[in-house]
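K.L.:
Line by line, the protein sequences give chains B and G. All residue numbers for the first sequence refer to the numbering used here, where the first residue is 1 and numbers rise by one. All residue numbers for the second sequence refer to the numbering used here, where the first residue is 1001 and numbers rise by one.
Calculated directly from the structure, the hints in this document are not laboratory data. Careful, some of the hints might be misleading.
[As the list claims (entries may be wrong)] No farther apart than 25 Å at their CA atoms in a straight line, the calculated lysine to any residue pairs in the SDA-like style are these:
1) Lys1018(G) with Pro168(B)
2) Lys126(B) with Glu1180(G)
3) Lys84(B) with Asn1013(G)
4) Lys1030(G) with Lys126(B)
None of the values given here were measured: they were computed from a predicted structure.
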Amino acid sequence: MKMYEIMMFTGGVYKFNELKEVVEDIGGFVLQEMVMQSETMMHLAFPVEEEPRIRAKAKELGGKLKELPLAGAEIMVVVPSLGKHHAVDPMCDVAEFLRRNGAITNMIGLARGVGKRIAQMTAREKAIIEECDAAVFVFGNFKECLTEKAARLCSGLEVPYLIVGGPPESESDLAESDLAESDLGLDLENYVGGVGRRAERMRRKSEIELLEKMVEALKEVLDEKKRELEEDPLAASPLFVKEMIEMNLPPKAGEELPIVIHLDGLRVKVGQEDEERVLEIEIGKRRLSEICEMKESLYSGHLLKVLPEAVTGSVF
Amino acid sequence: MEVKVEGGDEFANASYEKLCNLICRDIGVKGNIDRLQMFCNAAEHIFILSVKIGRVGSPVKVRDVTQREGKKLRITNEKYAPELLALLWDKYGKGEEEGEEEGVQEGVQEGVQEGVEEGVQEEEGDGERGGERVRQISRLEVGFELKEEEVAELMELVVSDPRDDLTFKILDGIDRILPEGARVRHPVSTAHGVTILASENPIKEEWRATAEKIAQEMEGVNENV
Chain B
1 MKMYEIMMFT
11 GGVYKFNELK
21 EVVEDIGGFV
31 LQEMVMQSET
41 MMHLAFPVEE
51 EPRIRAKAKE
61 LGGKLKELPL
71 AGAEIMVVVP
81 SLGKHHAVDP
91 MCDVAEFLRR
101 NGAITNMIGL
111 ARGVGKRIAQ
121 MTAREKAIIE
131 ECDAAVFVFG
141 NFKECLTEKA
151 ARLCSGLEVP
161 YLIVGGPPES
171 ESDLAESDLA
181 ESDLGLDLEN
191 YVGGVGRRAE
201 RMRRKSEIEL
211 LEKMVEALKE
221 VLDEKKRELE
231 EDPLAASPLF
241 VKEMIEMNLP
251 PKAGEELPIV
261 IHLDGLRVKV
271 GQEDEERVLE
281 IEIGKRRLSE
291 ICEMKESLYS
301 GHLLKVLPEA
311 VTGSVF
Chain G
1001 MEVKVEGGDE
1011 FANASYEKLC
1021 NLICRDIGVK
1031 GNIDRLQMFC
1041 NAAEHIFILS
1051 VKIGRVGSPV
1061 KVRDVTQREG
1071 KKLRITNEKY
1081 APELLALLWD
1091 KYGKGEEEGE
1101 EEGVQEGVQE
1111 GVQEGVEEGV
1121 QEEEGDGERG
1131 GERVRQISRL
1141 EVGFELKEEE
1151 VAELMELVVS
1161 DPRDDLTFKI
1171 LDGIDRILPE
1181 GARVRHPVST
1191 AHGVTILASE
1201 NPIKEEWRAT
1211 AEKIAQEMEG
1221 VNENV
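Using the sequences provided together with the hints, build the complete structure.
P.N.:
Printed below as a string of structure tokens:
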């Protein structure tokens, strides 16, 4: 069963501290907080059963609550290169839309990802992508290229992925024989079509709908991973671990997103001098080193992978 | 500009047609291209892009963008002011501006008061400017000290030629349109345009022949037009 619900609160600064207090009282967390003059935005995580209480408080303060289907996940947006053919459109539209739905996004342009026959991904690139919870590949317009690239670049990945490309996806209601003959549809796993190469921003209604469809597809991909985690629960929720790390190692001034939450762990951006201190932090009756595996990230900070409760035993 | 894309599936053709239009608009050559034709064969990774260059604006001369008022020129089209001034200063030398002259005198006086070294520097600056014959009086006024025959020659100088960077712009546009992986290129140039065959594989003779044929067809279209 899902433990925490993550939602975004937007509203005025008037009495918003009361909402923070309510969240803390019910055992929830404030994941992100941004105050812009008289406006405030917060990402809140709280136990699912307490949602009515949070909604009532938000209503009392005159603010809005929005569900964040991708919250708590770090997503890698992968493009064949960072050249003008792929950047900034549509890769930035895709990444921006994922962020609006709660995800923390990174972008990577492959060194040799262009073309059809010559497209490839290095072992290091693959390892970097696999550090995140899921990957979104943004490809071009040709069906032939997409099919070959998907097989070569995506299928070997150990994390869930979604492919965003140009050709429309095949209609599921078409009979198989029709599908084979159909010149239009592209029958790929985890694929959303209609985007492809772009030379301008995606801002029309039909284009926004495409991006919404992409978020929906990615949510389904992530839900599968979440279900797997629920079957074999972690020793401690990454949200709780984040809170404990922040209590022991307060974030330095000017540091942005020092701790990024993953579905099954965290990315902690600490210096070498604090590495040992992080592992010594107490989570319930155990130390972090006993319930987590820590390794250096290939590009930013350290990765903490929380082990399942079945391996570590209860922390309380 | 007429755009035609063929060879791919319905979505790819429509999408590349839109891309061609947007990219040509972005780099500002849409009005200079008569026709653009693209042939795509994604299965063999062959892309042929053919461009027929149309009308290009004639060179802009000094007399087109200025009006003579005795020993002065009044700039009538400010868009060309930087290029015009750079051209005239380069050819006839940069004279003192009216505001600048006062500034230099003040500078010399300050230099004398503050120390000998700064004063020396200002004097050297004055010496370099001696004998320069074109100066900017105000934002849109240019003064000159030239003989009548030199003025006639000045009025015929070319300030800007749209042909100069058109080739670079068009080649840049082609590079942006063609898929990034297609790095093996075979250009076919004709009298009124350029055709580029691109692929990620070594290019076979049959495709070269196709590119030549498309280039010739485009030339034929030109003649008919």
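K.L.:
Are the hints correct? Go through all of them and say.
P.N.:
These are the hints, each one checked on the structure:
As the CA atoms of Lys1018(G) and Pro168(B) are separated by approximately 17 Å, the hinted pair is consistent with the 25 Å bound. Distance check on the hinted pair: Lys126(B) and Glu1180(G) sit about 21 Å apart at the alpha-carbon level, within 25 Å; holds. Of the pairs offered as hints, the one joining Lys84(B) and Asn1013(G) holds, with about 20 Å between alpha carbons and a cut-off of 25 Å not exceeded. For the hint linking Lys1030(G) to Lys126(B), the alpha-carbon distance of about 41 Å lies beyond 25 Å, and the restraint is violated.
In summary, the one numbered hint that this structure violates is 4.
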